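The lines below spell out each chain.
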Amino acid sequence: MIFGRGKFAKGKKNYSAFSNYLYVAPALLMVLAFLIAPIIFVLYVSFTDWDLLHPMNFIGIKNYIKIFSDPNLLISIKNTLIWVVFILAIPMVLGLILAVFIKNVWFSDQIKSIFYIPLAMSGAGIGIIWYWIFSRTGFLNSILMFFGAIAAPKSWLLIIPQNTFAMIAAVTWQTTGLNMILFLMGLQNIPIEVLEAAKIDGSNEWHTFTKIILPLLKPITTIVIILNIIGSFKIFDIIWVMTAGGPARSSETLAVSMYKESFSLHRMGYGSSIAVILSLIIFIAGIGYLKIAAREK
Amino acid sequence: MKNFFTWLLICIFVLSFSFMLIGCKEEPAPETTTETTATEETAAETTAEETTTTEALTGPLKLFTDKPSWQTGWDAIFAGFKGKTGIDVEMTGYTEIDTYTAAVKTGIPTAEGPDVFTWWSNYKIADLAKEGLLEDLTSLYEPVKDKYNPGILDSFSYEGKVYGAPVLVASWLMFYNIPVFEKYGIKEPKTWDEFITICDTLKSKGVTPIGFTIGGGWTSFFWFQQIFASNYPDVYYAICRGEKSWNCDEVKKTFEIWKDMIEKGYFTDPGVDLGNDIPPMFAKGEVGMTYCGDWYTAFFDSVELKGGQDYSVFVMPSYLKDRPKTVIYEAGPMCISNNAKNKATAKAFIEYWLSDEGQTIWSESMNFVSANSSVPKDKLDSVKQKISADVFGDPNAELVVRFWEATLETITLPACASFDKFVLNPDSYEAVISELDQLSTKAWDEYKGK
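Sequences listed follow chains W and G, in order. To convert, note that position 277 of the first sequence is 277 in the working numbering; the numbers rise steadily by one, no gaps. To convert, note that position 148 of the second sequence is 1148 in the working numbering; the numbers rise steadily by one, no gaps.
Quick caveat, the hints were computed from the structure, so don't treat them as lab data. From a predicted model like this one, the values you see are computed outputs, not experimental measurements. Among the hints, a few may not be true.
[Said to hold, decoys possible] Calculated cross-link-like contacts (lysine-lysine; reagent style DSSO-like; alpha-carbon spacing at most 30 Å):
1. G:K1161 / G:K1284
2. W:K62 / G:K1205
3. G:K1105 / G:K1379
4. W:K62 / G:K1244
5. G:K1190 / G:K1379
6. G:K1183 / G:K1343
7. G:K1183 / G:K1205
8. W:K154 / G:K1105
9. G:K1082 / G:K1161
10. W:K66 / G:K1130
11. W:K154 / G:K1284
12. G:K1105 / G:K1284
13. W:K78 / G:K1161
14. W:K66 / G:K1084
Please take these sequences and the hints and turn them into a complete structure.
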């Protein structure tokens, strides 16, 4: 749409510009009130010792220094990195393998639907399902005891670090479908001529996959990697439902620590500083995603 | 034509924005007394005369609570209050504690927050009173002060003024499985040695003696609190008030007793769920006892266990032989925000709440032991009647405040994380004590600095 054309544009340029701004003003006001203002507020709070009850005192960068000396936060950072590594390794690789295998089968649409269903579910719902699987009276213990693998039920979600891997399994179940569909899109965009030329030249399946398909999938792979990095940094709901970061704060990630410090312990200043760090990481990853997506177009 | 549309859009925008601004303008609170029927007006006037204040009662009264599941009790008390004053009570219930505390703490500094709200005693109520956020309720107790235990009122006090009315006064006791006890010929223990013998007997019969969990992140303090406070109440209070280091013999002894119990296999797997797992295990006879606040009866109700028939309670004996009967208790208050929009109504509500009529309604509808000594106990179930007689009716029983309220809010939850570590690795107790000491020192330094 081109604004300010016609009589107003010719004779009253300034007025026309003003009316253009009026068109975007409602949306701008909303963005200012609900996005920009909270960001500025959180940024400001992160430099204070606000605890909801007492007045905010400016304490400089103390909260930011504390992040890297607080043993609970160091565990949280370590867990976040474990999440990033395993979410990149498991659901992404599984998604790629599934995409390659179902690309040419006649029932690929049905498979796609089945793997996509978990993505339509809420994180909290998935957390409850997987909590039940790993709980003391849950499915996993029943199966293991039935086959005699264990004599008594175990509380898997209290065992460190198995509890983190149990939650990674839950997220794998949820996100593999999306990765598979993204990789399928990438595979479908590979020109058939290239694959046929490789076949004529005597390339076997493995070589075609590693030397031709994978390099051609690089742009979509980068997008999948960035989406998974963003997802693993901001993961909260499944962890909160399954372990609430426990026991003894052992399974917290940065997002859970941010919530716990802010809303359980009411250290809003400290919680905000974690939020700022987390947002920066996700922002940088997001910029990377947008750049690659733009280059793709 | 285009110009016409441009101007039309501008007009729509300006009008919409104006309406938005008008819509955002704060409306004065409707004065219920002016909108009620003639009967309600008379009732309101009558109550206004009865209350200590002569201010007009306005409504509806806004109540926030973290206990929305007590709907039966709320409905009954709200109906009673409406019958007296003609004023409705609008309840906002929160099921998530963190959200609730944040909503109250950010709400009560303004008139937009709740008029009345449920809270926690001791340091938790003191935190709000210290900041001038609570209305002083001392004068409301004048007509009924002989009916309330001074110890309980102390839990709601800060600098000599009372800031809360009791919603819940729960004692922490050992629930035991009557069929299991009868099957193995076990009687309620009177001494620690008898208690340990019961645990050994149950263990030898394949029954887990005690249901216990660290699931949920807040329950691991139960046994620390019971052993420590019942044997060393003075040291317990001194540590909770930041007057003594955690690095002391009494704390060490407490952890050693607890460690011994864990190692002898007296407790269930700590991964069981307090509400979803222990009551069914109890019902199946897999667990012989469980220690909790007397509100735990609601969980037994959920698996259709009957008080007096399927389960009963006893006061946990102390490890030290010369200690009197000691019971941990928690008292949950109802407070008035100092910035309440309907403050006169809030005071009338608390006055009604404290009255014999209000407390009887609350006690009977919730099956709670009332803090008001005039309230009859005969409508309570047999377990609650036993609690009333054994705990509140025994002049020799020493009541000690629960750990959750006895110390700073900034200590309780992190301390539970330390207790979790101990439960998962009982050999780590010395490191856990050091961690608790550091946590306490830091929290008290911060508290005193504010």
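Results for each hint:
With a C-alpha separation of about 48 Å, the suggested pairing of K1161 of chain G with K1284 of chain G is violated against the 30 Å cut-off. Proximity of K62 of chain W to K1205 of chain G is assessed by CA-CA distance (about 57 Å); at most 30 Å being required, the pair is judged violated. Restraint check: the Cα-Cα separation between K1105 of chain G and K1379 of chain G comes to about 37 Å, which exceeds 30 Å; the hinted pair is violated. At most 30 Å may separate the alpha-carbon atoms for a hinted pair to count; K62 of chain W and K1244 of chain G meet this at roughly 28 Å.
Proximity of K1190 of chain G to K1379 of chain G is assessed by CA-CA distance (about 28 Å); at most 30 Å being required, the pair is judged to hold. Proximity of K1183 of chain G to K1343 of chain G is assessed by CA-CA distance (about 57 Å); at most 30 Å being required, the pair is judged violated. Taking the CA atoms of K1183 of chain G and K1205 of chain G, the gap is about 10 Å. The hint holds against a cut of 30 Å. Distance hint between K154 of chain W and K1105 of chain G is unfulfilled; the C-alpha atoms sit about 40 Å from each other, more than 30 Å.
With a C-alpha separation of about 28 Å, the suggested pairing of K1082 of chain G with K1161 of chain G holds against the 30 Å cut-off. This hinted pair checks out: K66 of chain W and K1130 of chain G have alpha carbons roughly 28 Å apart, not beyond 30 Å. Straight-line distance between C-alpha atoms of K154 of chain W and K1284 of chain G comes to about 19 Å, which keeps the hinted pair within the 30 Å bound. Pair hint K1105 of chain G plus K1284 of chain G does not hold up; C-alpha atoms about 43 Å apart against a cutoff of 30 Å.
A threshold of 30 Å between alpha carbons decides the hint, and for K78 of chain W with K1161 of chain G the separation of about 48 Å lies outside it, so the pair is violated. At most 30 Å may separate the alpha-carbon atoms for a hinted pair to count; K66 of chain W and K1084 of chain G exceed this at roughly 55 Å.
In terms of the numbered hints stated before, the structure departs from hints 1, 2, 3, 6, 8, 12, 13 and 14, listed from lowest to highest.
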